[in-house]
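Sequences and hints are given; from them, build the entire structure.
Protein chains in written order, with UniProt numbering: chain A, 1 to 321; chain B, 1 to 342; chain C, 1 to 506.
No wet-lab data here; the hints were simulated from the structure. Even for Gly, the Cβ is constructed at its ideal location relative to N, Cα and C. Keep in mind that a hint or two might mislead.
Far from chain C by the CB rule (all over 12 Å, computed), these chain B residues [claimed, not checked]:
(1) 91
(2) 124
(3) 150
Derived pair list, reagent style BS3-like, types lysine-lysine, alpha-carbon separation capped at 25 Å [stated by the list, open to error]:
(4) 182/C / 165/C
(5) 487/C / 266/C
(6) 321/B / 350/C
(7) 443/C / 427/C
(8) 127/C / 192/C
(9) 406/C / 114/A
(10) 119/C / 140/C
(11) 192/C / 230/C
(12) 190/C / 230/C
(13) 452/C / 392/C
(14) 328/C / 266/C
(15) 406/C / 65/B
(16) 114/A / 65/B
(17) 52/C / 321/B
(18) 328/C / 273/C
(19) 52/C / 114/A
(20) 278/C / 487/C
(21) 350/C / 65/B
(22) 392/C / 406/C
(23) 140/C / 127/C
(24) 350/C / 448/C
(25) 127/C / 190/C
(26) 381/C / 189/B
(27) 392/C / 448/C
(28) 273/C / 487/C
(29) 22/C / 321/B
(30) 290/C / 266/C
(31) 350/C / 114/A
(32) 321/B / 114/A
(33) 406/C / 321/B
(34) 165/C / 52/C
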Amino acid sequence: MLKRQYIPIVVTAALLAFMFAAGSFRYTGFFSLQVLLNLLIDNAFLLIVAVGMTFVIVSGGIDLSVGSVIALTTMISASLVQQQGWPPAVVIPLVLVLGAAFGWLMGAIIHYFKIQPFIVTLAGMFLARGLCYVISINTITIDHPFYTSMAQTKIKLPGGFFISISVVIALVVVAAAIYLAHYTRFGRNTYALGGSESSALLMGLPVARTKILVYTFSGLCSALAGVVFTFYMLSGYGLHAVGLELDAIAAVVIGGTLLTGGVGYILGTFFGVLIQGVIQTIISFEGTLSSWWTKIVIGLLLLLFIVLQRLLSARRQMQKA
Amino acid sequence: MVKHHLFWPLVMLGALLLFNLLYSPDFFSVQMRAGKLYGSLIDILNFGAPLILVAIGMTLVIATKGIDLSVGSIVAIAGAMACMTLSKGTDQNMLGLVLSAVGIALVLALALGLWNGMLVAAFGIQPIIATLILMVAGRGVAQLITGGQIITVSSSAYKFIGAGSLLTLPFSIFIAGAVLLIAALLTRKTALGLFIESVGCNPEASRLAGIRSRVVMIAVYMFCGLCAGIAGLLLSANVSSADGNNAGLWYELDAILAVVIGGTSLSGGRFYLLGTVVGALIIQTLTTTIYMIGVPPEITLVVKAFVVLLVCLIQSETFRKTLVHRFKTRRYPAEREVKRHA
Amino acid sequence: MEREREPILQMSNIHKGFPGVKALSGVSFRLFPGEIHALMGENGAGKSTLIKVLTGVYSIDQGTVELARQRMAIDSPQAAQMAGISTVYQEVNLCPNLTVAENIFIGREPRRFGRILWKEMNAAAEKLLLTRLQIRMDVKLPLSAYSVAIQQLVAIARALNISAKVLILDEPTSSLDRNEVKQLFEVMNKLKAEGLAILFVTHFLDQVYEVSDRITILRGGEFVGEYLAKELPRIELVSKMIGKELQQLDALPREKEAASAAESAKALVIEAKALGRKGAIEPFDLTIRKGEVVGLAGLLGSGRTELARLFFGADRPDQGALRVNGVKDGITSPREAIDQGIAFCPENRKTEGIIDELTVRENMILALQATRGWFRAIPRKRQDELADEYIKALNINPPNPEQLIKNLSGGNQQKVILGRWLLTQPKLLILDEPTRGIDVGAKAEIQKLVLKLSGEGMSVLFVSSELEEVLRVSDRIAVLRDHVVVKEIAEDEMSQQQLMQAMAGE
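Structure below.
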């Protein structure tokens, strides 16, 4: 029997399968493993960001700064590698630490001063975006051999298919996040926090540490996504990843995570990202359809899932009363 | 006087203007050319008008403990709709056509506001989440209307809305002023303002006092949509074109910022329309200042980040208490917590 | 015998103050292993403060807490749990989204190298629930899949898992039905037999006598006494809770004039027939006539507020019929009740009464304005006149209509809310504990006002747990106990003795 808490994730998976099937019927060349793999290649960075966002949303918060942190990461990487000549082996760990520190700072402000996450991460978004322009207002192209090889290396799979290194990174992140969410105290405390903060406090759970760690983790994911994005774009630019926070939030919600916190699955987010990818692919295959349909369809899916969540929670309340 | 809600915003604006005066003495100079006034101050008012409009609507939404993230998208949709209607006409200068273009755009904006209001008030979805839907989809809708192109129109009558001038001043200033006046009259001369503040401050007590909070909330979101729609007309008329992708980008954030600087709390309750206007002017002046001193304009974002944080920290009760009772509350963190949840 | 045993918990001379209030002054409390000890008291008695001290939520200003003869400083919920003091609240403080097993174990999950061992955890949870509480359930389902009663048992299981020595049950039975209460009591008795010390807080008198061994009574933040349940008659318990000795009863003059025969023929303002709402109030009959003051007496949690809210449309009844001014079922929302001429001063002034960011004037005109709609604003001049008039009439201090209401004292806030409703010239005024937490002078003023208004033809439903004041103002009194209207006392048989017996259920 299907347990009720799995309904949203099953709906998401079914939706993905349906969309892929519909695409396969309609367009020749759509039904191939490589098309599926390309979804991953093109959305690796989104997947990483969305994983971090899932934790934040499950904890009952939101992080609007992710897109800007990606841009800042590309900018710092590009300027240090390209203009200062630092080795990537130093730069990459450095930007990861910076991203985590940025998230930690926002988490600390959110928790200790009790300001809404929305506002704090909004300030973080402004700040990170602005700092990009402090470094440079122009694109900095990267031609460092390490980055170009990361960008171009194709990992061959049996049957002539291939993926990129970024995909491997993203899949490792997903796997690690699933483990983190379900098999560690940090993960379970995050769920508890999203379920009921006051209960978590009275149950003696480390609310402060968990909350701050969640934003730290999201910052780290954003920075990692920034590194992957740098591989993908081979440049640093202040206008990279504009509006990506919305895509990430949409992927999380479409993946069945409750925006009010407490319920959600990393795997759902994985499907959510792929759904966004499939929509884009279908639209590009269609040719006559234009790219803005992506936004409209994603908006409709958001509506669908939010209303679905609302109905499920309303029914639960009815049953209790 | 320090207690007055306009004191700090005005001090901030004054300081900015003073800095400009010191930096460039001719900042305050206003010249008359061809029957129009020119100068930095006029520019600030002119370019600030759309933001003022959006922020006025946002003020009322925030006063009900809500938020509207979709205003930027509504700005784009309204502009796109108006230009689209105009471009379909044979004579773009025909008054009837311009009026119907404006009318259709505004009705659409109202309908979008109604949509947000219904999601929030009737379905009980959190405002951030409810308006996020339109924020995402709205950009797509705007591009759908424009067909992904930048629609340019050549209607001098339409252009007048955003770039014309009346009594030597830009026409947009009059529109912003009129909307401000209407909002002020609606909220202060009818009981709407009282109901909004009451619902935002304590929804349950308001319900028990007989206020129909749903109706109030839907009305407020509709008004916010309308304000964003008018702003969209100003922006697109100013450049005689509609850009579904970029028109009104980041307006929701600037508007929220203006409201917060103006002294209205994000947790709802008392709202200050004039404060919001000053807040919007501060943001516009800041942008102008940064342009003027030759720093890349994008750095405004860094300044904005610190302003947001600062204003929120000052509004945060916990922050103030931490400053005052640094040592008293070190232990028993749960005591504060429980009081908050009680 | 019990007396020789060592108490597991001993609280001595506890003092705790909040700005402006002394919540606990010199309270002592002790708890023996293997007993169920009821903590009783009315509003403001200090029960919840005492429990919060015990669970590490509040610090104490003075006094000592000893657990198993060890002096303790309980400075956080964690510290309390570590020491073996666990609490189960009325609103289950668990996470509804986590599984049952997790709710029992979170924070101390079985782990290996940091990895949570779900299988072991689920098995341990099943075993714990089965052996200690004798319930069998699927521990892998989220907590929200179960009823409140089961959730409460899970909360107890969590408490037991952290090797509790002291279990505090804070109003655990409020939202349970009879069978569920029975199941809970079985569990409590079993745990008691195993040697656990249970502190039980409830408002149901029957339940106190059903399971408790010992009763401690607090009143106004002070310690009244500790008694063996079987040696304390119900009526004495009630009299100690509300602070009236039986001997002094009936010495009070009644201010309300006896009703004339003509009065009983007056029109019905409200008529409830078998009206009820599940979990809030059992079906009851009640009528109120024009110009009549009907008292609603009962202890805290007896269902007084729930009844009043049904009359005002704040909650919807799920059975029975309500006629207002002869019209049936006209009320589905507060707004409709107001249109029918009903007004309601809620008990919970802070959360349901005042709009704290608004001024006295704005708070006052709110309900009247609501009936006029948003467009027809009351002109500012008229607002000022009305505010001044009622500030004077109700003697509100400071007499400044532009003062923010949150800066007023409780009594004056109450008067402003009263003013809000008098402005609407209601036919029926519902006052839910209108004199709670306000000073003596203001209390007397409000009582006088009620008499004056009823003299002018207004009907009043007067809810209060203070016997004197109910007797002083009422023409007729309905008595509630354990969410049931147990008795209606007519004019000629009203006495404190009668009332108290009905409230106590003797």
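Taking the numbered hints from earlier one at a time, note which ones the structure violates and give those numbers from smallest to largest. No numbers; nothing is violated.
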